[in-house]
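Colleague: Chains as they are written, first to last, in the working numbering: chain A, 128 to 359; chain B, 128 to 359.
Derived from the structure by calculation, the hints contain no laboratory data.
Note that this is a predicted model, so its numbers are computed, not measured.
Any given hint could be a false lead.
Each pair may be met inside one copy or between any two copies, as identical chains are not told apart.
Stated by the list, open to error - Heads up, simulated EDC-like pairs for lysine to aspartate or glutamate below, C-alpha to C-alpha not over 16 angstroms straight-line:
id: 1; residue 1: Lys287; residue 2: Glu240
id: 2; residue 1: Lys302; residue 2: Glu276
id: 3; residue 1: Lys287; residue 2: Glu248
id: 4; residue 1: Lys214; residue 2: Glu188
id: 5; residue 1: Lys131; residue 2: Glu250
id: 6; residue 1: Lys143; residue 2: Glu252
id: 7; residue 1: Lys243; residue 2: Glu290
id: 8; residue 1: Lys243; residue 2: Glu286
Letter by letter, the chains look like this.
Number of protein chains: 2
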Amino acid sequence: MLGKFYGLGVGPGDPKLLTLKAAEVLKFVPVVAVPKSRADRDSVALDIARNHLSPGAEILELNLPMTSDPVVLEMAWQAGAERIFDKLQAGSSVAFLTIGDPSLYSTYQYVLEKLKGIAPEVEVETVPGITSFAACAARVSEPLASGDEPLLVLPAVDEKLGEYLEQFPNLVLMKVSRDMERIMAEMSAHGRQALFVSRCGSPQEAVVRDLSSLAGEKVDYLSLILVGPKGE
Amino acid sequence: MLGKFYGLGVGPGDPKLLTLKAAEVLKFVPVVAVPKSRADRDSVALDIARNHLSPGAEILELNLPMTSDPVVLEMAWQAGAERIFDKLQAGSSVAFLTIGDPSLYSTYQYVLEKLKGIAPEVEVETVPGITSFAACAARVSEPLASGDEPLLVLPAVDEKLGEYLEQFPNLVLMKVSRDMERIMAEMSAHGRQALFVSRCGSPQEAVVRDLSSLAGEKVDYLSLILVGPKGE
């Protein structure tokens with residue numbers, strides 16, 4: 128009998144932000160799949176979940192490189208799905224860990240699609256997780272958005288940022304580390320204030336309200352910026 | 128000594144989607160504040176959290192009517208904050224429960240602002256929660272947004288919906304119950320497919336992929352619609 132496949136959101140960093148459901152699944156699941164982007168970097172998702180794993184759990188490291196090359200990505204997702212399927216076929220359930228929430232910008236969705244291609248009959252359960260932006264807003268006890276105001280979540284900064292800053296009162300800018308100079312320039316050009324948070328809920332957490340103080344600094348890749356009416 | 132004030136997200140409905148942190152706070156906090164919008168309607172947030180309360184916990188029902196009258200609202204938030212402050216002043220910590228996440232469209236933020244006005248020295252901790260849209264996407268194991276695509280969250284439908292449907296690949300429409308006819312018309316006019324979910328994770332859950340089947344139906348007030356590229 129095939130094992131069951133779980134996609135588990137483990138939240139952004141604080142192990143206490145795991146859901147009861149995710150902790151429950153981790154307690155019994157024999158195989159935990161963790162995406163690994165570089166050989167020299169530990170899996171953040173695994174660090175968050177570590178204390179909840181069953182003692183004998185097997186860690187299945189999936190090599191999922193951070194690249195924009197579609198051929199390399201497709202191959203990595205397919206290879207990951209095949210390794211997961213091997214375990215499922217052996218009767219073991221597998222939990223795929225994802226930082227934050229598995230429905231938002233997660234490799235989980237791509238691997239899941241490949242897995243469904245291999246074996247459409249696999250039973251799948253996705254467990255939502257606390258998003259990084261909800262945790263950051265909670266960290267400072269400020270709203271992401273209130274009343275009838277829209278919230279725009281941007282996973283990457285493109286040429287439309289200026290337009291969006293004029294159009295929307297509340298924005299979340301994710302994965303900002305490579306675009307800090309440009310973001311700072313746009314914020315200042317459009318008169319918007321922002322809150323910068325990196326590694327929210329982890330021992331390395333940093334919260335910065337004056338973006339200009341980050342000029343020239345190297346910024347952690349798990350960083351985001353909240354733009355809201357409160358800062359203005 | 129003043130008690131501590133907690134804002135707790137309890138997620139959208141399934142009690143297992145509480146975070147470990149929220150469950151931990153509920154276990155020791157002597158007073159639990161719950162917003163109540165109508166005398167004849169039970170608090171959904173309290174229902175979700177009920178099994179985690181300490182046996183002797185006091186339930187502080189705050190009358191927070193669903194109205195758009197700013198004077199009535201301001202008075203209700205102020206009165207709620209004053210009742211909470213009475214408990215804090217007596218040395219009891221208070222947890223304010225909120226469905227979903229306390230940073231997104233929650234009354235918690237307004238009550239917190241009033242409380243800070245009464246007693247800026249109160250210690251506050253906000254615990255993030257699973258958002259309804261993350262739970263709904265997980266329910267069907269589909270992404271809310273992928274790659275570099277933005278996600279637009281709309282708490283209310285206004286005249287810009289059509290424009291947004293053209294502009295963005297992924298949208299979340301919250302609190303849709305009063306605007307279903309209009310939303311169905313716009314979806315059809317802009318050739319977008321959508322997923323309707325009400326009471327996600329609760330025994331009353333409903334998932335509907337063909338919006339037209341809801342024509343003329345009464346829709347639960349805890350309903351949302353996910354619009355994404357997958358449906359097209």
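Colleague: Please work out whether the CA atoms of Lys302 and Glu276 approach to 16 angstroms or closer within one copy, between two copies, in both situations, or in neither?
Modeller: between (23 angstroms within a copy, 13 angstroms between copies)
Colleague: Checking an output row: Lys214 and Glu188, CA cutoff 16 angstroms. Within, between, both or neither?
Modeller: Within one copy, since 13 angstroms is at most 16 angstroms while 50 angstroms is not.
Colleague: From the Cα coordinates, with 16 angstroms as the cut-off, is the pair Lys143 and Glu252 best called within, between, both, or neither?
Modeller: The answer is between: 14 angstroms across copies meets 16 angstroms, while 21 angstroms in one copy does not.
Colleague: Please work out whether the CA atoms of Lys287 and Glu248 approach to 16 angstroms or closer within one copy, between two copies, in both situations, or in neither?
Modeller: neither (41 angstroms within a copy, 41 angstroms between copies)
Colleague: I want to check one pair: Lys243 and Glu290. Are their C-alpha atoms no more than 16 angstroms apart within a copy, between two copies, both, or neither?
Modeller: Neither, since 38 angstroms and 34 angstroms both go past 16 angstroms.
Colleague: Up to 16 angstroms between alpha-carbons, please classify Lys287 paired with Glu240: within, between, both or neither.
Modeller: neither (30 angstroms within a copy, 33 angstroms between copies)
Colleague: How would you label the pair Lys243, Glu286 (within, between, both, or neither) given a Cα cut-off of 16 angstroms?
Modeller: neither (35 angstroms within a copy, 39 angstroms between copies)
Colleague: Check Lys131 against Glu250 for me: Cα-Cα at most 16 angstroms, and say if that holds within a copy, between copies, both or neither.
Modeller: within (5 angstroms within a copy, 44 angstroms between copies)
Of the numbered hints listed earlier, those contradicted by the structure are 1, 3, 7 and 8.
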